[in-house]
Amino acid sequence: MRDAEYDDGCPRHVSVAQSFSRDAETAAREACAQIDPGDVCFVLAFVPDGLDCDVLAGALGRELDGVPVFGCTTAGQITADGYQNEALLLIGFRREHFRCASTLIEPLKPLSIAAIMEQVREANTRFTHTAGWSRLALVFADGLSKQEDLLASVLETMLEGTPVFGGSAADGLNFRRTRILRNGAFHDNAALLLLIETNLRYQGLSFDHFLPEGRELVITAANTEERLVHEINGASAAQEFARLVGCAVEDLSPQVFAENPMLVRHNGNHYVRAVSDVREAQTLSFLAAIDEGLVMVLGRGKAIIETLDFELDARDPAGEKPDFILGFDCVLRRLEIEQKQLGAAASEVFRRRRVFGFNTYGEQHCGMHMNQTFVGVAFFDPDRSRLH
Numbered sequence: 001m002r003d004a005e006y007d008d009g010c011p012r013h014v015s016v017a018q019s020f021s022r023d024a025e026t027a028a029r030e031a032c033a034q035i036d037p038g039d040v041c042f043v044l045a046f047v048p049d050g051l052d053c054d055v056l057a058g059a060l061g062r063e064l065d066g067v068p069v070f071g072c073t074t075a076g077q078i079t080a081d082g083y084q085n086e087a088l089l090l091i092g093f094r095r096e097h098f099r100c101a102s103t104l105i106e107p108l109k110p111l112s113i114a115a116i117m118e119q120v121r122e123a124n125t126r127f128t129h130t131a132g133w134s135r136l137a138l139v140f141a142d143g144l145s146k147q148e149d150l151l152a153s154v155l156e157t158m159l160e161g162t163p164v165f166g167g168s169a170a171d172g173l174n175f176r177r178t179r180i181l182r183n184g185a186f187h188d189n190a191a192l193l194l195l196i197e198t199n200l201r202y203q204g205l206s207f208d209h210f211l212p213e214g215r216e217l218v219i220t221a222a223n224t225e226e227r228l229v230h231e232i233n234g235a236s237a238a239q240e241f242a243r244l245v246g247c248a249v250e251d252l253s254p255q256v257f258a259e260n261p262m263l264v265r266h267n268g269n270h271y272v273r274a275v276s277d278v279r280e281a282q283t284l285s286f287l288a289a290i291d292e293g294l295v296m297v298l299g300r301g302k303a304i305i306e307t308l309d310f311e312l313d314a315r316d317p318a319g320e321k322p323d324f325i326l327g328f329d330c331v332l333r334r335l336e337i338e339q340k341q342l343g344a345a346a347s348e349v350f351r352r353r354r355v356f357g358f359n360t361y362g363e364q365h366c367g368m369h370m371n372q373t374f375v376g377v378a379f380f381d382p383d384r385s386r387l388h
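Those letters in the sequence shown? Residues 1 to 388, by UniProt numbering.
It should be emphasised that the hints constitute simulated quantities derived from the structure, not laboratory data.
Given the structure is predicted, the values throughout are model-derived calculations rather than measurements.
Ideal Cβ positions, reconstructed from N, Cα and C, are used throughout, including at glycine.
Any given hint could be a false lead.
Unchecked claim - The calculated label-pair distances, taken between Cβ atoms and stated as ranges, are:
(1) Asp36 with Glu213: 46 to 54 Å
(2) Ile113 with Gly319: 39 to 47 Å
(3) Ala221 with Ala115: 31 to 39 Å
(4) Asn269 with Ala115: 29 to 37 Å
As the list claims (entries may be wrong) - Capping the alpha-carbon separation at 16 Å, the derived lysine to aspartate or glutamate pairs in EDC-like fashion look like this:
(5) Lys109 with Asp149
(6) Lys340 with Glu306
(7) Lys109 with Glu226
(8) Lys321 with Asp381
(9) Lys109 with Glu225
(10) Lys321 with Asp383
(11) Lys302 with Glu259
(12) Lys109 with Asp188
(13) Lys321 with Glu311
(14) Lys302 with Glu213
(15) Lys340 with Glu259
(16) Lys321 with Asp309
Throw the hints in and build the complete structure from the sequences for me.
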């Protein structure tokens with residue numbers, strides 16, 4: 001059922017553009033032609049696998065007349081038409097409603113907590129508050145750094161009172177190299193912190209579609225720094241996981257991991273600890289923090305499309321729908337959706353709910369790094385009583 005007020009799919013407070021060209025110069029030119037540089041404060045760029053990032057960075061700067069551009073490489077994009085794989089997606093945030101300050105954190109690995117704390121403290125102090133406007137933060141981190149857990153925790157501590165939302169940069173399903181874009185250049189082994197002020201009202205979103213099934217798994221041998229699990233329940237990790245989900249070790253795949261997540265309990269809630277692949281000696285490589293002795297349970301999925309539609313039905317206190325939703329959606333969620341041939345249904349939900357964003361290698365919210373989760377921000381019209 002389509003919402004009549006959303007039929008045009010066009011938000012009022014951001015400009016959304018895309019190009020499917022596989023040539024970086026052409027993609028930048030086509031997408032930027034749909035954005036008025038004089039109208040926007042900054043632009044987010046979500047980059048598909050295969051585009052020449054260095055060429056793209058220079059082209060975006062030229063085409064947008066120096067407007068700050070931030071973003072990252074992705075494992076897919078959420079456009080006005082829903083899921084895409086090869087779209088250069090640009091979101092221009094209009095200066096009437098947004099202002100921002102950026103900080104690049106590098107190197108991300110090894111991570112210096114003291115250095116990041118000082119950097120974030122200084123950035124937050126320099127970014128003066130605008131009366132009547134609200135503040136939030138976005139973070140895009142190298143999705144192969146294995147540092148997002150600690151980074152999310154530090155940001156939550158240092159930005160107390162400022163909600164932080166984020167997604168880990170990705171690289172399709174290659175898991176080779178993820179890159180962060182800031183002001184004309186892509187960076188490896190880095191994270192980008194965007195402090196944003198807006199006169200729009202906003203609401204944070206964070207959800208998955210799993211319930212703890214009850215079968216426990218205990219990590220009995222692991223390399224915590226590299227997120228590698230060698231043993232589960234005293235047996236080879238891959239062998240024990242395959243036994244519990246009812247398949248052969250050689251049949252383990254991203255799709256199997258996506259449909260059979262392991263959950264950990266934290267502060268009364270369950271969060272997904274996803275697996276990326278099987279390594280040598282039947283070791284499992286995880287996408288979030290693990291530790292020896294950690295107790296997990298297998299997750300059982302709820303209806304993913306119905307859950308998606310329900311959770312994205314954000315409303316303000318007056319019952320109004322958001323102008324748009326900025327979304328960070330784990331690539332493993334997308335794999336499950338496509339495995340079940342539900343891609344068109346998911347895209348229709350995203351289109352109706354005006355969701356724009358990208359598929360990640362992990363998500364950050366409330367000081368946590370998680371997997372197989374949708375994290376987002378729903379932006380509503382400003383409170384008119386505060387504009388005068």
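So, going through the hints one by one against the coordinates:
no. : hint                           : verdict
1   : Asp36 with Glu213: 46 to 54 Å  : holds, 51 Å
2   : Ile113 with Gly319: 39 to 47 Å : holds, 43 Å
3   : Ala221 with Ala115: 31 to 39 Å : holds, 32 Å
4   : Asn269 with Ala115: 29 to 37 Å : holds, 31 Å
5   : Lys109 with Asp149             : holds, 12 Å
6   : Lys340 with Glu306             : holds, 14 Å
7   : Lys109 with Glu226             : holds, 11 Å
8   : Lys321 with Asp381             : holds, 9 Å
9   : Lys109 with Glu225             : holds, 11 Å
10  : Lys321 with Asp383             : holds, 14 Å
11  : Lys302 with Glu259             : holds, 11 Å
12  : Lys109 with Asp188             : holds, 10 Å
13  : Lys321 with Glu311             : holds, 13 Å
14  : Lys302 with Glu213             : holds, 11 Å
15  : Lys340 with Glu259             : holds, 10 Å
16  : Lys321 with Asp309             : holds, 13 Å
Checked against the numbered hints above, the structure violates none of them.
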